[in-house]
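Student: Chain residues, written in single-letter form:
Protein chains: 2
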Amino acid sequence: MKNFEFINPVKLLFGDGQIAKIFNEIPTNSKVLMTYGGGSIRKNGVYDQVIKALEGFDVVEFGGIEANPDYSTLIKAVKICKENKIDYILAVGGGSIIDGSKFIAAAAKFDGDAWDLIVKQLPIEDALPLASVLTLPATASEMNSGGVISRRETKEKYPFGSPLLFPKFSVLDPTVIYSLPKKQIMNGIVDTYIHIVEQYLTTTDHYMVTDRLAEGVLKNLIELSSTLMADGTPDYDTCANYMLTATMGLNGWTSMGATADWATHMIGHELTALAGLDHGLTLAIVYPATMKVMRKEKHAKILQYAERVWNITEGSEDERIDAVIAKTEEFFIQVGMKVRLSDHAVGQDVIDTIVERFEERNQNLGEGGIVTPAHVRMILEDRL
Amino acid sequence: MKNFEFINPVKLLFGDGQIAKIFNEIPTNSKVLMTYGGGSIRKNGVYDQVIKALEGFDVVEFGGIEANPDYSTLIKAVKICKENKIDYILAVGGGSIIDGSKFIAAAAKFDGDAWDLIVKQLPIEDALPLASVLTLPATASEMNSGGVISRRETKEKYPFGSPLLFPKFSVLDPTVIYSLPKKQIMNGIVDTYIHIVEQYLTTTDHYMVTDRLAEGVLKNLIELSSTLMADGTPDYDTCANYMLTATMGLNGWTSMGATADWATHMIGHELTALAGLDHGLTLAIVYPATMKVMRKEKHAKILQYAERVWNITEGSEDERIDAVIAKTEEFFIQVGMKVRLSDHAVGQDVIDTIVERFEERNQNLGEGGIVTPAHVRMILEDRL
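So the sequence lines, in the order shown, correspond to chains A and B. Those letters in the first sequence? Residues 423 to 806, per our numbering, in order. Those letters in the second sequence? Residues 423 to 806, per our numbering, in order.
Here chain A stands alone, though its shape is the one from the complex (with noise of 0.2 angstroms):
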């Protein structure tokens, strides 16, 4: 095991009505900047219920934060944090707006060119406190002091990250997942289960305790997907467990001491930015073949992941790792996703340019750096 610091103070509400547990916890006097997406909110009544437990603040309302967020929006916001005073955020949304109210907070504590510190990764020394009201449970943002962030403008899209952009507390309320459409759970279930194989799926080095943590998230997903994709409501056991796995995704307890790859989420940010496809989507797409490129170098852990998670003990190494392989690609079928390229008209000339993108900043990924950009393209053209 490879020597680690590990840190998670973010304060988890949880449960029904939790929302007006808000009052209590931000600092009386705060002037709020409370920052939402499209609308969705203003329908299920969160929007109604955020207003209330915030009666006495000065609020400030941010709207229209877009899924994958835009620096050019955002610095809307950061505009109206340094005019209006702003000393505390409160992000009522989805990863989008919570990365987003991330970005802001960062930003808004920034003198310079606030995009420098996406493009140049400069150090965040310092950040307004945020805090966040989750209503779409997929990238766990809520958990974790890290963001993306998009530049529609230059179609870029990096991740960003500081300890200071831990949200102070997140309202995790199942009840927001009644009225979620099917096509937002099917992207945070395949969002959560890539987050997990990125941080797990990669070497054998006996990460016992996060290898068993990892597991027991995937063979959760696999069996919440079937009732959560199921038509209708889900019921509220079922939605408070997803959430909850969700958030264990990607809230660090999974990766103490372990190799982690990224890949998959770096390729898939690169067909974000240049073809506009969801994210969860995109891992959906590329994950099955980063398994099957990388199956020499991935060999002993796939077989472990095939016999805890999946159950495959019968035939050769070799058959059962094609076995998980298409297992695993069957399992984001089945949840809903369209796996190839072609079907959503994505061709070479994609793949050529994101290929040549990490050419250009020679930038190998991956565990230990295996994953060139040769592969990269190997990798996307098994997807077409």
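A few of these clues could be false.
Any copy, or any two copies together, can satisfy a pair, since identical chains are not distinguished.
Stated by the list, open to error - Derived DSS-like pairs: lysine-lysine, alpha-carbon spacing no greater than 30 angstroms straight-line:
(1) Lys760 with Lys504
(2) Lys542 with Lys718
(3) Lys474 with Lys424
(4) Lys531 with Lys590
(5) Lys443 with Lys542
(6) Lys424 with Lys714
(7) Lys604 with Lys424
(8) Lys453 with Lys531
Hint data in this document are derived by calculation from the structure and do not stem from the laboratory.
Fit chain B to the given chain A structure using the hints.
Tutor: Leaving out everything else, chain B in the frame of chain A:
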């Protein structure tokens, strides 16, 4: 799933050589009380490493805290804190030292009779900041906000806790395990195992997330125990995985939204207070009977435990339950425990006193208070 609040802000510094990082974690100019036990840290090199890491700080030492830390010892340290205006406590040791230091941290900021914090459970409203260097994996005190202290004078032992008592940071260096006596490793394995089953082997109300976490910890303990208990020094990865597993046994991760039992711990505390048995040993003695006596109430969860942790799937439900109770007891014996009260010269008189104590306090135990004093009698008499 029940509603819950969760927070665990402890920073872990994990790995070989991490003790040196203490210097950067404690605020400059702090006056530090360094607490420790009977002197094993002088033999294994930890004392020297800590002293070196504290160079530049004003340090007062307080050694001699015993296993099952005693009120009369700790109150001397409280006096030292007040007289010397101590503003940071660094506990160097196992659960007893860290638990005792949590009491010192709270009592040093309390003006009344500090025993009332324990016996009357007065709210802890202020505490000195504290941190730990763990030398004995077992209690997870390094990553939680509770403790247990004893008063030999009156043969009492009680738990206490407050969010103010989370360590600011804890150093987990797996190499400290190299020099541990096997008896202490044995106690730690069983302590961790019982921590988990106290949080897990209760009801089956759909706690999918915490169930998988708990089952993972139990399987790791079973897998690690033979290497840990074999003759000679265990390898680094075994020690590292065990240390992290023990911390996960009681850091709150496995109790989110789940029901908890703790009857075995409460009965075990009485056995330690009255008969002086080691904490881990009391748990190994009591737990098989807790399963046996409460088998009807825990029916469904025992079956889940049998299947998922011990792969017991053959036979009728009753046969599987019998088999897994036997298997659990056998595991404690294999680890090295003598699991009968008669093995330790504890007889009916101690049982009578324990039952009387619970009767006098009108105290039911277990999930939902299902374990009555009459059940406690059945449990203990089964273990004669």
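Student: Each hint: holds or not?
Tutor: Right, here's what the structure says about each hint:
1. Lys760 with Lys504: neither (43 angstroms within a copy, 67 angstroms between copies)
2. Lys542 with Lys718: neither (34 angstroms within a copy, 62 angstroms between copies)
3. Lys474 with Lys424: The answer is between: 24 angstroms across copies meets 30 angstroms, while 47 angstroms in one copy does not.
4. Lys531 with Lys590: For Lys531 and Lys590, the Cα distance is within 30 angstroms both inside one copy (17 angstroms) and across copies (26 angstroms).
5. Lys443 with Lys542: between (38 angstroms within a copy, 29 angstroms between copies)
6. Lys424 with Lys714: within (27 angstroms within a copy, 41 angstroms between copies)
7. Lys604 with Lys424: between (39 angstroms within a copy, 25 angstroms between copies)
8. Lys453 with Lys531: Classified as within; 15 angstroms inside a copy, 33 angstroms across copies.
In this structure, the earlier hints numbered 1 and 2 are contradicted, and the remaining ones agree with it.
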